[in-house]
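K.L.:
The primary structure of each chain is shown beneath.
Protein chains: 2
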Amino acid sequence: MIPVLFGRVAIIGAGLIGSSIARAVRERHLAGTLVVADRDAAVCARVRELGFADEVTQSAAEAAREADVVIVCVPVGGAGAVAAEVGPVLKPGAILSDVGSVKGAVLEAMAPHVPAHAHLVPAHPVAGTEFSGPDAGFASLFENRWCIVTPPDGVDGEAVTRLCDLWRAMGANVEVMSAKRHDLVLAITSHLPHLIAYNIVGTAADLEDSLASEVIKFSAGGFRDFTRIAASDPTMWRDVFLQNREAVLEMLGRFTEDLTALQRAIRYGDGEALFDQFTRTRAIRRSIIEMGQETAAPDFGRRAAEKPKHEQS
Amino acid sequence: MIPVLFGRVAIIGAGLIGSSIARAVRERHLAGTLVVADRDAAVCARVRELGFADEVTQSAAEAAREADVVIVCVPVGGAGAVAAEVGPVLKPGAILSDVGSVKGAVLEAMAPHVPAHAHLVPAHPVAGTEFSGPDAGFASLFENRWCIVTPPDGVDGEAVTRLCDLWRAMGANVEVMSAKRHDLVLAITSHLPHLIAYNIVGTAADLEDSLASEVIKFSAGGFRDFTRIAASDPTMWRDVFLQNREAVLEMLGRFTEDLTALQRAIRYGDGEALFDQFTRTRAIRRSIIEMGQETAAPDFGRRAAEKPKHEQS
Chain H
2 MIPVLFGRVA IIGAGLIGSS IARAVRERHL AGTLVVADRD AAVCARVREL GFADEVTQSA
62 AEAAREADVV IVCVPVGGAG AVAAEVGPVL KPGAILSDVG SVKGAVLEAM APHVPAHAHL
122 VPAHPVAGTE FSGPDAGFAS LFENRWCIVT PPDGVDGEAV TRLCDLWRAM GANVEVMSAK
182 RHDLVLAITS HLPHLIAYNI VGTAADLEDS LASEVIKFSA GGFRDFTRIA ASDPTMWRDV
242 FLQNREAVLE MLGRFTEDLT ALQRAIRYGD GEALFDQFTR TRAIRRSIIE MGQETAAPDF
302 GRRAAEKPKH EQS
Chain C
2 MIPVLFGRVA IIGAGLIGSS IARAVRERHL AGTLVVADRD AAVCARVREL GFADEVTQSA
62 AEAAREADVV IVCVPVGGAG AVAAEVGPVL KPGAILSDVG SVKGAVLEAM APHVPAHAHL
122 VPAHPVAGTE FSGPDAGFAS LFENRWCIVT PPDGVDGEAV TRLCDLWRAM GANVEVMSAK
182 RHDLVLAITS HLPHLIAYNI VGTAADLEDS LASEVIKFSA GGFRDFTRIA ASDPTMWRDV
242 FLQNREAVLE MLGRFTEDLT ALQRAIRYGD GEALFDQFTR TRAIRRSIIE MGQETAAPDF
302 GRRAAEKPKH EQS
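Protein chains in written order, with our numbering: chain H, 2 to 314; chain C, 2 to 314.
Looking at chain H on its own, in the form it has when it is part of the complex (with noise of 0.2 Å):
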């Protein structure tokens, strides 16, 4: 049995990460007592019934008293609000985390919120679903996943190594960097990427009646896993695209201006153009193939294969 980290270790939002944090804490044996806080009464109640946590109460204080970390599972918009409730009865040497695809704007909404006998260390598992709930988590979610951890400057060594031992023992692969380089390489390889996806299949939705029938009939093409990115959670995805606003309009703007010049290629018939671009990107998915990061089947960061039951529901 691999030892128990952490005394209490308090989760706060039992949704698609709290969940699985929760099931993975449980199922390693990384906490002497295991808390999950959600401030909806029925999800309370259905983390009752599948029972993944010792206790469970709507109180996000209540669960990160005495907790010896304290992890903030909830959309990017409300870290900060979470930070302001748990700060005050954070113990000394608590660490409060966080799993937000967002970084430099979290910290700064948390970091007020807390006391300096605590140590906060933000963090962002990269890994995911499009399902959303306490149901849709599962306790290998992190398996072979990186967790990007964020210290802020200053912050205590020690609290830092542990928070990266827990998420080793969750199975992922830590890495450690600042929040602004976090929030720039994520706008590229994941919010702008979901940004398009919903963007198509908004543009899809608008097309004429029959017209949008045909497009879901032949979606195989291509369209069909633009579509399963757009099924991911929108209250999240709002607030990430609100507070990651400068990095992904940067990136967005890059996406633009490039588009542009592929629009014109086409318009003109610029077939060596299309060609020499459509030529080398191969070289990055070479580069990704051989960093070993590419598994058999696409999954766009997540692992729908072990999920496919919520999709006939």
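Read the hints as simulated data drawn from the structure, not as lab findings.
Keep in mind the model is a prediction, meaning the values are calculated, not measured.
Cβ atoms here follow ideal geometry from the backbone N, Cα and C, with glycine treated the same way.
Each hint should be verified, as a subset may be incorrect.
If the Cβ cut is set under 7 Å, some of the chain H residues that face chain C in the computed set are [said to hold, decoys possible]: (1) His195; (2) Asn200; (3) Thr204; (4) Ser220; (5) Arg255; (6) Phe276.
Use these hints to put chain C onto chain H, whose structure you have.
P.N.:
Just chain C now, kept in the frame of chain H:
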């Protein structure tokens, strides 16, 4: 055993699609004699080694002579030239078809070369992988995939029926529609998704060196699946965009307008607009699942899991 549908079947072009048709025809005993032509001597040699054809030749005309059905499987920009080559030798009652992703321009390019005693019945199997060449094909590629048949006005009904039967015998679901309609539907379900994928991967390739390497490392957040599409055959896709220019520019125009609206919402912090857009796209996803057009794993119209060995090499 399924009865032989055609005496002599000629496949012109032994790439992914051509070699898959050849394998399917052979495996299901759909032809008395199966001839494969490819103008590339090395490809012909490889087809002989792979052994999925009765005859192999570099001459399209030689393959087409005496054939009951000739299927042109070359990038759409080359379909006219192949038609010019095989047209004069087509025997009375022969069916000339293709597999191009664009139908209007291909029909226009091929039609002038078809003698009155033969029948031009273009088709488009909506299936593929990101791999190319005679080794990439497999007999089950078309199973449960759509094949869209686009007969020109006034073409012999019996010829259309026979071509549809051939595709059904290879496991495909057949849909008949006009070339114009096909091109509009595919512009949004397939061509635009490919263009966007090529574009975002190109944008990433232009990033500062250190950033680009991190993009590759953390590509699992969504970007990685775009790189899969962007590894598709550059010649084929160059031709698609040149040949389906009008429909692609129309759909690209709509896409860009919508993306500009999203960009503005991000810039001005309009969370409500973002949330509304991200919510309504879920309905399209639901429709696709309800129509049974979804499988557990996303694959961009591909069957990646069946051919992962290519990626290891």
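K.L.:
So which of the earlier hints does this model not fit?
P.N.:
none
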